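Every letter in the sequence shown is one number past the one before it in the numbering used here, and letter 326, counting from 1, is 974.
No lab work stands behind these hints: they were computed from the structure. Note that the structure is predicted; figures quoted are calculated from it, not measured. It is possible that part of the hints are untrue.
Computed list of lysine-lysine pairs in DSS-like fashion (alpha-carbon distance at most 27 Å, straight line) [stated by the list, open to error]:
(1) K858 - K877
(2) K796 - K675
(3) K925 - K858
(4) K877 - K925
(5) K840 - K796
Label-pair restraints from in silico Cβ distances [as the list claims (entries may be wrong)]:
(6) F827 - V959: 24 to 34 Å
(7) R860 - E937: 41 to 51 Å
(8) S775 - F827: 28 to 38 Å
(9) Q701 - T868: 53 to 63 Å
(10) E711 - A836: 51 to 61 Å
(11) Q701 - K796: 18 to 28 Å
(12) I656 - P910: 18 to 28 Å
(13) E711 - L873: 53 to 63 Å
The beta-carbon is built from N, C-alpha and C at its ideal position, and this holds for glycine as well.
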Amino acid sequence: MRYFPIFIDLRGRTVVVVGGGEEALRKVRLLSRTEARIVVIAGSLHDELAVNQRVEWVARHFEPDLLTGAVLVISASTELNEIVSEAARSRSIPVNAVDRPDLSTFIVPSIVDRAPLVVAIGTEGTSPMLGQGLRARIDAMLPQALGKLAAAAGTLRGHVAEAIPPGNRRRSFWSRFFFGDVRDAFVAGETKNYSALLEGLLHSQPPSTKGRVSFVSAGTGDPELLTLKAQRKLLEADVITYDRFVAADILEVARRDAVLIPLDQFGVSAILIREAKAGRHVVRLRSGEVSVEELAAVAGEGIPVETVPGVSTVPTGEVITFPVREDIRDAVLKAAS
649 MRYFPIFIDL RGRTVVVVGG GEEALRKVRL LSRTEARIVV IAGSLHDELA
699 VNQRVEWVAR HFEPDLLTGA VLVISASTEL NEIVSEAARS RSIPVNAVDR
749 PDLSTFIVPS IVDRAPLVVA IGTEGTSPML GQGLRARIDA MLPQALGKLA
799 AAAGTLRGHV AEAIPPGNRR RSFWSRFFFG DVRDAFVAGE TKNYSALLEG
849 LLHSQPPSTK GRVSFVSAGT GDPELLTLKA QRKLLEADVI TYDRFVAADI
899 LEVARRDAVL IPLDQFGVSA ILIREAKAGR HVVRLRSGEV SVEELAAVAG
949 EGIPVETVPG VSTVPTGEVI TFPVREDIRD AVLKAAS
C-alpha cells in the first residue's frame with residue numbers, strides 16, 4: 649500500500665483550487681460537501697463556479713504566496729501543475745495535480761457519500777475506471793437513509809455506553825442496530841416501530857456470557873476461497889488462535905480488535921478451554937482440517953463447539969476422468985450380452 653487512506657477534518661480550514669475550468673468544477677463540487685473554506689485562483693471561472701456562493705474567487709495569476717494558510721491544494725490547470733506542485737511541496741502542503749500522480753502527494757478517491765458515513769475507494773491512481781465502477785456498485789447497495797442512521801447512532805453513543813457494558817453485549821446491540829430489525833424500521837421510516845425496538849434493545853436482558861469455540865478451516869489459504877460462514881466467524885470472534893501455516897492474508901479478514909494468539913502444537917486445547925470459559929467467542933483457525941482431538945477436548949468440558957470446514961480443491965496433478973462415448977457404448981454392449 650503506497651497511499652495511506654486518511655480522512656481530514658476540513659471544517660473552517662482553507663483549501664486552494666488553482667484553475668477555473670471543468671476539472672476545477674469537479675473538485676469544487678466535491679469540496680462543497682465539506683465545511684471547508686474554498687478559494688479558487690483563476691483568471692476566469694466556469695459559469696457554475698461563478699454562482700457557487702461557497703467559492704472565494706481570487707482573480708489573479710497564480711503566485712506561490714497565495715497558498716499561505718492552505719491545508720490542501722488542488723491544481724486543476726495543466727499549464728500550472730508543475731509550478732503549483734512545487735510551491736505546495738516547498739511549503740509542506742499536501743497537493744493534488746489532476747491526472748498527474750507524479751506531481752501529487754495525495755490522490756482523491758472515488759466516494760460514496762452517506763454523510764456521516766463515507767466510503768472511499770482508491771486504486772493508487774492506476775485504475776480510475778475500476779474505482780468508479782466499484783463506487784457505483786457500492787452506491788447502489790447502500791440506502792440513502794443509512795447516513796441518517798449513522799447520525800442517530802452518534803447521538804446514542806453516550807447513552808449506550810452508560811446503559812450497556814462493553815464487550816459482547818454492546819457489540820450485539822450495535823450489530824442489531826445497524827444490521828437488524830432496528831435498522832430496517834429506521835430505513836423504512838417507521839418512527840414508532842423504530843423507537844419501540846430501540847427501547848427494547850436498550851433494556852433487554854444481557855445474553856449469556858458462556859463462551860464457545862468455532863473450529864474454522866482456512867482451506868487452501870486463499871482468502872477469496874474462505875466460506876461466507878468462515879468470514880463471519882472471523883468477524884465475530886473475541887479471540888482467534890491460529891497455527892503458523894495460516895496465511896497472513898487470511899488474518900486480514902478478522903476483526904481488528906480481536907486478540908490473536910499464535911499456536912504451536914502443544915497446549916492448544918488448554919488455551920481454547922481457558923478463553924472460552926472466560927466467556928469469549930474463540931475461533932480455532934487451522935490451515936488444514938479440524939483437529940478431532942482438540943474438538944473432543946473442548947466439547948468434553950461442556951463448551952459449545954461448531955465446525956466450519958474449508959473449501960476443498962482438486963490437488964494439482966490429479967486427473968478426473970469422465971466417460972466418453974466409446975466407454976458408454978462398450979458398457980451397454982457388455983450388459984446386453
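Hint check results:
no., hint, verdict
1, K858 - K877, "holds, 21 Å"
2, K796 - K675, "holds, 25 Å"
3, K925 - K858, "holds, 7 Å"
4, K877 - K925, "holds, 23 Å"
5, K840 - K796, "holds, 16 Å"
6, F827 - V959: 24 to 34 Å, "holds, 25 Å"
7, R860 - E937: 41 to 51 Å, "violated, 20 Å"
8, S775 - F827: 28 to 38 Å, "holds, 31 Å"
9, Q701 - T868: 53 to 63 Å, "holds, 57 Å"
10, E711 - A836: 51 to 61 Å, "holds, 55 Å"
11, Q701 - K796: 18 to 28 Å, "holds, 25 Å"
12, I656 - P910: 18 to 28 Å, "violated, 36 Å"
13, E711 - L873: 53 to 63 Å, "holds, 57 Å"
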